[in-house]
Each structure stands twice: as C-alpha cells, then as structure tokens.
Amino acid sequence: MHADPTRELTGAGVRRATRQATAARADTSWLTLGGDVLSALTVAGVVVAVFGGAFSALRERIAARPEAAATHLPGELTALVAALLVAAGVVALLSRLGPVSATPATAAWWLPLPADRRGLLRGELVRTCWVAVVAAVVVALPVVLAAPTAPTVPEVAVGVLAAVLLALAAVGVLVVLQARELTGWVAPAAGAVATVAVVVPAVVGTIGTWGWVPSGPGVPLPVLAGVLVALAAAALLAADRVTGRLRAGALRDRGAAVFVASASALSLDTRELGRAMGTPVHPPRRTRTWAWVRQPWQAVVAGDLAVLARSPWRWGQLAIGTALPVLAARTDGLGGVPALVAVAVVVGWSIAAVALGEPSRSAHAAPAADRALPLGAKDVVRARAIVPTAALVLVCAVSAGVAGLGWQWAALGAATAPAWAGAVVRGGYRPELDWSGPVLSSPMGAVPTSVTVTLVRGLDLGILGTVPLIIGLLLGDVPDLLLAVALGWSLLLALISVETAQKKA
Amino acid sequence: MAKTGLLEVHDLSVGYGGEPVCAPVTVAVAAGTALGVIGPNGAGKSTVLQTLVGLLPPIGGTVEFDGRPVDEREAAFRRDVVTVLDDDAFFPSLTGAEHLLLTARGHGVADADEVVAEEVEEFGLTERAHALPSALSSGQRRRLALAAAFVRPARLMVLDEPERRLDAQMRRQLAARIAADVADGLTVVFASHDAEFLSTVARRVLVVDDDACTVVSPKAAVAMLHE
Numbered sequence: 001m002h003a004d005p006t007r008e009l010t011g012a013g014v015r016r017a018t019r020q021a022t023a024a025r026a027d028t029s030w031l032t033l034g035g036d037v038l039s040a041l042t043v044a045g046v047v048v049a050v051f052g053g054a055f056s057a058l059r060e061r062i063a064a065r066p067e068a069a070a071t072h073l074p075g076e077l078t079a080l081v082a083a084l085l086v087a088a089g090v091v092a093l094l095s096r097l098g099p100v101s102a103t104p105a106t107a108a109w110w111l112p113l114p115a116d117r118r119g120l121l122r123g124e125l126v127r128t129c130w131v132a133v134v135a136a137v138v139v140a141l142p143v144v145l146a147a148p149t150a151p152t153v154p155e156v157a158v159g160v161l162a163a164v165l166l167a168l169a170a171v172g173v174l175v176v177l178q179a180r181e182l183t184g185w186v187a188p189a190a191g192a193v194a195t196v197a198v199v200v201p202a203v204v205g206t207i208g209t210w211g212w213v214p215s216g217p218g219v220p221l222p223v224l225a226g227v228l229v230a231l232a233a234a235a236l237l238a239a240d241r242v243t244g245r246l247r248a249g250a251l252r253d254r255g256a257a258v259f260v261a262s263a264s265a266l267s268l269d270t271r272e273l274g275r276a277m278g279t280p281v282h283p284p285r286r287t288r289t290w291a292w293v294r295q296p297w298q299a300v301v302a303g304d305l306a307v308l309a310r311s312p313w314r315w316g317q318l319a320i321g322t323a324l325p326v327l328a329a330r331t332d333g334l335g336g337v338p339a340l341v342a343v344a345v346v347v348g349w350s351i352a353a354v355a356l357g358e359p360s361r362s363a364h365a366a367p368a369a370d371r372a373l374p375l376g377a378k379d380v381v382r383a384r385a386i387v388p389t390a391a392l393v394l395v396c397a398v399s400a401g402v403a404g405l406g407w408q409w410a411a412l413g414a415a416t417a418p419a420w421a422g423a424v425v426r427g428g429y430r431p432e433l434d435w436s437g438p439v440l441s442s443p444m445g446a447v448p449t450s451v452t453v454t455l456v457r458g459l460d461l462g463i464l465g466t467v468p469l470i471i472g473l474l475l476g477d478v479p480d481l482l483l484a485v486a487l488g489w490s491l492l493l494a495l496i497s498v499e500t501a502q503k504k505a
Numbered sequence: 001m002a003k004t005g006l007l008e009v010h011d012l013s014v015g016y017g018g019e020p021v022c023a024p025v026t027v028a029v030a031a032g033t034a035l036g037v038i039g040p041n042g043a044g045k046s047t048v049l050q051t052l053v054g055l056l057p058p059i060g061g062t063v064e065f066d067g068r069p070v071d072e073r074e075a076a077f078r079r080d081v082v083t084v085l086d087d088d089a090f091f092p093s094l095t096g097a098e099h100l101l102l103t104a105r106g107h108g109v110a111d112a113d114e115v116v117a118e119e120v121e122e123f124g125l126t127e128r129a130h131a132l133p134s135a136l137s138s139g140q141r142r143r144l145a146l147a148a149a150f151v152r153p154a155r156l157m158v159l160d161e162p163e164r165r166l167d168a169q170m171r172r173q174l175a176a177r178i179a180a181d182v183a184d185g186l187t188v189v190f191a192s193h194d195a196e197f198l199s200t201v202a203r204r205v206l207v208v209d210d211d212a213c214t215v216v217s218p219k220a221a222v223a224m225l226h227e
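Chains as they are written, first to last, in the UniProt record's numbering: chain A, 1 to 505; chain B, 1 to 227.
Since no wrong hints were added, every one of them can be taken at face value.
Partial selection, computed: residues in chain B whose CB lies under 7 Å from chain A: (1) E74; (2) A89; (3) S93; (4) L94; (5) L102; (6) H107; (7) H130.
Covered by chain A, per the in silico footprint, the following chain B stretches (three or more residues, Cβ under 8 Å): (8) 77 to 83; (9) 95 to 101; (10) 132 to 141.
Everything labelled a hint here was simulated from the structure, so no lab data went into it. Beta carbons are placed, not taken as given, at the ideal position from N, Cα and C, and that holds for glycine.
Throw the hints in and build the complete structure from the sequences for me.
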C-alpha cells in the first residue's frame, strides 16, 4: 500500500474532521446550547446573590457582637488563607490530572497518527483552560464575597478576573513543567503551602498577636490587570509551544485518571474519586519487619500505621484539620460567633477523618487483604479503628484545647474523638452507591435518597458526635456533666459505626 | 449419610440473581487430596469456587467445611482456608515483602522472616520483593498473591486458575509445590485449563457443565481438555 505524505492530515485537520463528524450526529442545536448557557448563568447569578446576602448578614451579625478576648488574627489574613487553600487545591488537582491529558479515545486513535501532536492537543489545552476558568470562578467567588469588608460589584469582578488570569497562568506553567516531566513536586509543594498557610497563623495567633494585615497590591488596577494578562498570555503561549513534546504514555495515564475522576464525580462516588485523585505512592526507603506483631489485630494496626506514615500528604491534612478550628477561633469576628467556629471544627475534623480513612478505603477496595488474616470480619473493622482513634484523640484534643484555651476543651475534644474514629471506618467501608432506591422530590429535581444516605455515611455520626462540643461553644464553657455526656455519646456512636460498617464480600 | 470430606458440597446450585450458571454440584473433598475443576470459559468454575469459600451465597444446597456451614466472615474459617481467586488486590503503600510479612506474622508464624524469604525466593520475587505492587508486572503480582498463600498455615487452599499469567517454568514449579503440600496433608481445590498442571496436582476432577457436574479421573479430564 502506498501513501502520499503530502496528503496527511495535520493535527488541526484531524480535530476538525472529528468535530464535524461528531456535530453531524449530535442533536444539540445552537439554540439548545444558548438555552443551557443562559440557564447556567441564571443559576450562577442566583448563587452569587444568595452567598452575597448570607455573607452580608453574617458581617452584620459579627459587627453587632462584642470582640472576643482571645482573637488575635485579622479577618483579612484568614480570607487570604482561605484563598491560598483553594488555590493550592486547584493547582494540585491540575497537576494530578495533567493538566493536558488524552482521553482513551484520543490516545487510541489520534496519538498514533503521523499528525503534529501540538495541533492534536490544542483542543485538550483549550478544554483545560476552560476547566481552570470555571474552577477559578467557583472558588474565587465565595472567597471574595466573604471578605471582612463588604465588597462592591467592581471589587468582586476584579477579584474573580484576577483569579481567572492566575488560573490560566498556572495552567500554562504546569503544562511547561509537564512537558519537561517535572510536575512530580507540584502537588506536594501545593500541599505544603496550604499546610503552612493554615498552621502558622493558627500558632502565631495563639501565642501572640499577628501584626501584618494583608491589603490589596499597591499598584494601579490597570497596571495589575496588564501584568496578569501578560503573565497568563505568556504562560499559555509557552504551553502551546511545548504540547508537541508531551509523551503518549503519560498523556494516556493522565487521561485514564481524568476518565475515572469524571465518571466518579458524575456518579457522586466520592470514594472512587478520592482513589482516582490519590497522590502517587513512592516506594519506602526500607522494608519494615514488624517484629512486635504477634496477633492478627496487630498486623492490621501495623499495616494501617505504615500506610499513614508513608503519606506526607495525609500528615498535612491532619495538621490542617487540627489548625482550622484554632484559626477560626483566633480570627477577629469569626472567633466570637460559635456557629462559625463549630463549622470550622466540623470541616477541620472531617479533613482529618478523611486522611485517616485511607486504610479502610484500601481494604474495602481489596477485600482479599482483610480475608488473609485469621480475624473475623467484624474484628478486622474493629482493629482498623485503632489507629484513627489514637490519631484523632491527639488531633481533637490539641485542636479543641488550643482553640478553647483550656484543658477542659482539650478533654471535650478528646471525648469527641471516638465518634470521628468510628466515622472513619464507617465511611471507608460504606457500601457502593445504590441508585435503585426511592427518590424524593425537591425543588432541584428528584433526589435519590439511598445515594444521599450512603454519601454522608461516616460523616453523619462524626457530626452527631460533635454536638456536645457545639453545645459547649454555645455555652462558652465545659461543665463536667457535658464532658461525661460527650464521652458516653461519642463511644456509643463509635460502637454503632464500627458494628454497622459494611464489608465488601 | 456419613461425612467423609473436609469439604462437603451437596446439591450446590450457584449463580447470580437466583439464576444458576451450571448444574448442581455434589462432591466431597477428603483431607490431603486435591480436586481439580474444569470447564469451558463461562461454565461457572469461578462462581463455584467463590460459592465454596462463602464469597457468593448459594442459590440452593449446602457447603460445609470441617462439618460446619461455610462462613467466610469467621476467624476460624479465615485461619484454615486460604484463597487465591481473581482478586489479587494489595495495599498500595505496602511492598510485596511487607504484605507477606504481615500475613505471616498475623497468622503467628514462627520465624516469619525466614519463611517469607524462602517463599520470595521460591516464587522468583527476590529482586522485586521490596517494590510496591503498582511497580510489579501482572505476572509478578500473581506470584506475590500465590506466595501469600504459602507463607501461612492452612488446611484448605482454593485457587482459581493458579497457572494464569505465570511462565512455563513457574507453572511447573507451582504444580510440583502444590502436589508436595497435598502429599503432606494440605487439601486443595483449584480450577485450571492447564492439562499438565491438572495431571500433576489433581487426584479427581470436577467437570462443571450446564447439564450435569460430574467427577472424573485426571486422565479423563486431560482428555476432555484436549478435545
């Protein structure tokens, strides 16, 4: 067979031909697309209005309260920390997923073609940019709206635009790093930045007073906008130039992760999503021998300890989970509103619980590993609660003790830990999502109740276990009776969690 | 009727959603013997094995291990029965050697280090023992799963196509090893498509089929595989 190289399609030509073939079979008209865009914009507008109103009401509530004596951190700083947290999350996400990747179909049909790879992948780069833009808007909006002083409409627009431009610049830089196969350090670095950003202000705010108040950049807005536009444009141009150097194997691997992550996100399977997004595990420097293991349950504990010890990412999550309630309690305004501190407590301890749930999630994915030991199914689950209990006693005691500035608060935190430890195994061993259950009518459409119940399984009992601590926050004190009730309640919930954790056959 | 086998299967119907995938199975496996299971792809061999070890509920009939109904959730069952089925999954953060060590120590094996070292060598994993499972090839992961079955004591070993993904030399070595362990008193039930493996290990062979599940001699079974 003879072929004429001059008649080969270019990368752009292949994309165009595929797009035309797809469009010919699609039943989406420009009118439907316009309607969908209009709906999305309307929903976004409603969300902005609702969030804006809620934050405005909150600001008024905070202003009406007397300043809490123990707060030392300016609200602007905590807003900056929140921005850094979400930015680090987005950067880590982009680096994990590529940012440029090839869908399984692209990897199978396009990459082996003699067409230029740069032209083939330009569509993927554009798609990544759109994802980054949407992510920037979604994460920047609440942060801008939650600023300590009420933002004006132009200020909101500038904040969101800056986030969009920075996100595009980040995509460009990450693609350049991806082409040089240097993205391995990005997610750990983003995690480290997030950890430091939360822990340092929490510590400094507890032992002293934070002197620096973040403010807007001291340059005229047009100059700032110009710099950001130039930065984003330069990064994207550089990215476009290097996409031709991306290796097919790496594109296929990242594409597989994107595929699983997208499917998990669409099917609301957060556990599978976590597996797809998990950071790569590096081989340990030395193999452990576990000479102290004499009993089957000790083997479970030893394995769980090794899984946690080998993931700095999870250590960072534990540190953030511990520091978040402290940060909220130390922040001017936030610290005086018990409900907001309670939210920070639940969010922080949920992060810690998710970090500690990795062994349970792995065991659920690999049930043969659980069956390999001479331990009954329920005893395996009980053994798997030991490490989370020990870690969460530390996390909750330090977190609550430092946030409340007193040993009673530390004791209340420690008393709450068993409920969260139970939540860890309950969440890790939760059954697969069941979409066949009854549905509940809601203003947003039909809600499958069994899916919702399964999704919150684990977190539900953790939050219930935190109720005594929330009561303590509202009372502003920890009576002995509350401490006793908290411990009994937490142990009961832990028992329920462990005994009802479902194992996969 | 007197119970003669370590594993007693009576009129066992297996399948999914109440639909049997093959004819009912009745067989007794005496201690210290090996039962092979053969049948074409999709005949229901894996379903039979999974039901024998309690991973799937039977549609009908009974399975008893050591005189008691099978319940894979019980510690005693897990102590006595080792399975290597189609689910060789591992903890992503633990190396191959660590998986074996934890299994051996969890079963209270004396000299676990030496036992693990011997099995690592036996299964040709010496150079890759300290690698994470994700860094192993498909065949090496299979070897690791099989090695995990031998670093611990067991009375009954259930294997689903143990020869799968193994090279010819490793297949022969594994067959000889299992045959030797059967001679030492181990009871083995295994599914296989490999005539040489089957004739080396099995004393009797269960033929899984839609019409009737019958027990035949290894010679007859090998002839059926060659048909």
